[in-house]
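J.: Heads up: the sequence lines are chains A and B, in that order.
Just so you know, we're using our numbering here: the first sequence kicks off at 26 and counts up by one.
Just so you know, we're using our numbering here: the second sequence kicks off at 2 and counts up by one.
Please note that the accuracy of each hint is not assured.
Here are the simulated distance ranges between beta carbons [as the list claims (entries may be wrong)]:
{"id": "1", "chain 1": "A", "residue 1": "D67", "chain 2": "B", "residue 2": "Q40", "range": "34 to 40 Å"}
{"id": "2", "chain 1": "B", "residue 1": "K82", "chain 2": "A", "residue 2": "Y116", "range": "39 to 45 Å"}
{"id": "3", "chain 1": "A", "residue 1": "K94", "chain 2": "B", "residue 2": "P204", "range": "19 to 25 Å"}
{"id": "4", "chain 1": "B", "residue 1": "K82", "chain 2": "A", "residue 2": "K97", "range": "57 to 63 Å"}
{"id": "5", "chain 1": "A", "residue 1": "S99", "chain 2": "B", "residue 2": "I52", "range": "50 to 56 Å"}
Derived PhoX-like pairs (lysine-lysine); straight-line CA-CA distance at most 25 Å [what the hints assert, rightly or not]:
{"id": "6", "chain 1": "B", "residue 1": "K233", "chain 2": "B", "residue 2": "K205"}
{"id": "7", "chain 1": "A", "residue 1": "K51", "chain 2": "A", "residue 2": "K130"}
{"id": "8", "chain 1": "B", "residue 1": "K473", "chain 2": "A", "residue 2": "K120"}
{"id": "9", "chain 1": "B", "residue 1": "K233", "chain 2": "A", "residue 2": "K130"}
{"id": "10", "chain 1": "B", "residue 1": "K477", "chain 2": "A", "residue 2": "K130"}
{"id": "11", "chain 1": "B", "residue 1": "K68", "chain 2": "B", "residue 2": "K123"}
{"id": "12", "chain 1": "B", "residue 1": "K233", "chain 2": "A", "residue 2": "K94"}
{"id": "13", "chain 1": "A", "residue 1": "K97", "chain 2": "B", "residue 2": "K205"}
{"id": "14", "chain 1": "A", "residue 1": "K120", "chain 2": "B", "residue 2": "K205"}
{"id": "15", "chain 1": "B", "residue 1": "K356", "chain 2": "B", "residue 2": "K401"}
{"id": "16", "chain 1": "A", "residue 1": "K59", "chain 2": "A", "residue 2": "K98"}
{"id": "17", "chain 1": "B", "residue 1": "K473", "chain 2": "A", "residue 2": "K59"}
{"id": "18", "chain 1": "A", "residue 1": "K130", "chain 2": "B", "residue 2": "K184"}
{"id": "19", "chain 1": "A", "residue 1": "K130", "chain 2": "B", "residue 2": "K195"}
{"id": "20", "chain 1": "B", "residue 1": "K473", "chain 2": "A", "residue 2": "K108"}
Worth flagging that the hints you see were computed from the coordinates, not collected in a lab.
Keep in mind the model is a prediction, meaning the values are calculated, not measured.
We put the beta carbon where it would ideally sit given N, CA and C, even for glycine.
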Amino acid sequence: MAYDVNGTAVEHDEEGYITNLSDWSKELADIISKAEEIEMTDEHWAVVNFLREYYDEYQIAPAVRVLVKSIKKSLGPDIGNNKYMYELFPYGPAKQACKIAGLPKPTGCV
Amino acid sequence: MVELDIKHKRGSEPLDPLAIPKIACGAMADLKPYPAHAQHNTDLGFPAELIDNWKEVAIAKIGELAKKNRAFKVYLDICVKCGACTDKCHYFLGTGDPKNMPVARQDLLRSVYRRYFTFAGKYFPWLVGAKDLTKEILDEWYTYFHQCSQCRRCSVFCPYGIDTAEISMAAREVLNSVGMGQKYCNEIIAKAEKIGNNLGLNPKALRATLEDLEEDLEDETGQKVRLPLDEKGADILLITPSADFFAEPHIDGLLGYAKVFHQAGASWTISSYASEAANFGMFIGSYENMRELSLRIRKAALDLGVKRIIFGECGHAWRVAYSFLNTLAGPFDFLDQNYPIPQHIIEYTHDLIQKGELKFDKSKNDEFRVTFHDSCNVARGSGMGGIKGGQFTLPREVLKACCNHYFDMDRDTIKESTLCCAGGGGLLTDELMDLRIKGASPRMKALRQVSNENGVTHMAAICAICKTQFSKIMPKYDYEMDDVLSVHQLVSNAIILDEPEQNDTKNEDSVEK
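Make the full structure from the sequences, and use the hints.
T.: What follows is the structure, given as structure tokens:
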């Protein structure tokens, strides 16, 4: 199981999460988002970039609430709210956005 | 595949949540969870993949379990095929697949047990439905023992009290012993044993999350309501599911616990070492893994020097804590013996309400017309408050203390007869979504009933799995994802916090003893 990024194979698991986090690139994010039927906009990228920065610092994705709060600070309350996050990522900002951002899937009762 | 029944909308004719479906043979035969990766299995001490001598090992394991666990052997021996259980499983009601009838599920294992461990099965297998163990049978076990949420509703109706959950746990243990583990459970158990919680939240990330939430609490209340982490010498250690640090509506429940502790003037702490209430060791029937996770709680309590342990809103965690914690990780003779060991956050809040120590502005919850979903492991595997049926009355009394509009669902679908959310027992994984949606249909019909009759808009729960499951599947049934609430979220909305100067003079002993 692998994504094809300009001729290079990037391995992923059964659910489409990449196996080696260092394989991530913007091109790959575009490919994953297409598979997820998501058209990436600036707002999608704002979420993906925040997730990657947070992961860099804490080695885990943030709680949805922490994500929403940060987006609210940077892009305002019209975009930084729970409902809008689900409009951007219908399968949930935690799982779907993490997949596109090249982060591991959040596990547990979530 | 049977059609998903979602045509029942607000205002339609009366519904029967327990209506028996048409039989749909093989309807769910193709649905099974992802197998564990080699690393997930070996992390837990299981073979990396299917071993060559799987047949001998599996049969020996069944024999070992039947010898060690008398209940398991009795359950296998005693069934008289009366049929009382056949229409009691929510997965059967939702899918029509006859292999989701509890007796049929049990028979998958029982037929093999008979073949190798009973006189009749050894010599006249064709007379007693005894079967040789084959790879096809193992595969069928993998499929259908992962379509059981171990909710134990069927056992309530069995005249012999046969507990399908025990059989399902044993089957998963046999599967693990030959290298056929399930990814969702095994990956999570390994993570909890390594990092301290199912989510993989490390201490630095946990601290940052809690500090962030403290900011929110201060913005909302104007007071310094704390979420202390790793504070040595605190009186109370809170053990809560890690979903409470991550997901919605779980986090709102966590903020509710914090406000209750704050108002009680309690000294409490969360532990980064034991930052998980859930114990998935139970789901795979593994005593060793269940014990290892429980021992983390003991170590955290000793290291922090606490006097009490309180569990947050987590269904099967409370079953493990209430029924097994002392056996797994006791004795807890170093804790204050004047309090229940362990205690549930609902008991704690309820006790304060009884003593008049918590005041609520119930109108803050007037936008909600609320019902309560009894979580299966709390309802059928535990108690609360030291009184018969306390696990049913206490959560309802807490809800009624903070909400003006409370209504129960149909009596046959609540309390000891509660219907599972359909995400329990290690099935809360995306590849089983079809089963999760269909299995939730009886509960959703009962909710629709009480919505039609009493205008109920929201359902509260005290289990992290239930909350996540409902937030995912309720939109399929014409509800919103945030129509499921934490009980302590409603407590949080309505609780009246004293002004800081009064609070400073309080101490917990004066309010609790």
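J.: Now look at each hint and say whether the structure bears it out.
T.: Verification of the supplied hints:
{"no.": "1", "hint": "A:D67 x B:Q40: 34 to 40 Å", "result": "holds (38 Å)"}
{"no.": "2", "hint": "B:K82 x A:Y116: 39 to 45 Å", "result": "holds (43 Å)"}
{"no.": "3", "hint": "A:K94 x B:P204: 19 to 25 Å", "result": "holds (21 Å)"}
{"no.": "4", "hint": "B:K82 x A:K97: 57 to 63 Å", "result": "holds (60 Å)"}
{"no.": "5", "hint": "A:S99 x B:I52: 50 to 56 Å", "result": "holds (53 Å)"}
{"no.": "6", "hint": "B:K233 x B:K205", "result": "holds (17 Å)"}
{"no.": "7", "hint": "A:K51 x A:K130", "result": "holds (19 Å)"}
{"no.": "8", "hint": "B:K473 x A:K120", "result": "holds (12 Å)"}
{"no.": "9", "hint": "B:K233 x A:K130", "result": "violated (33 Å)"}
{"no.": "10", "hint": "B:K477 x A:K130", "result": "holds (23 Å)"}
{"no.": "11", "hint": "B:K68 x B:K123", "result": "holds (18 Å)"}
{"no.": "12", "hint": "B:K233 x A:K94", "result": "violated (31 Å)"}
{"no.": "13", "hint": "A:K97 x B:K205", "result": "holds (23 Å)"}
{"no.": "14", "hint": "A:K120 x B:K205", "result": "holds (21 Å)"}
{"no.": "15", "hint": "B:K356 x B:K401", "result": "holds (16 Å)"}
{"no.": "16", "hint": "A:K59 x A:K98", "result": "violated (28 Å)"}
{"no.": "17", "hint": "B:K473 x A:K59", "result": "holds (23 Å)"}
{"no.": "18", "hint": "A:K130 x B:K184", "result": "holds (13 Å)"}
{"no.": "19", "hint": "A:K130 x B:K195", "result": "holds (17 Å)"}
{"no.": "20", "hint": "B:K473 x A:K108", "result": "holds (14 Å)"}
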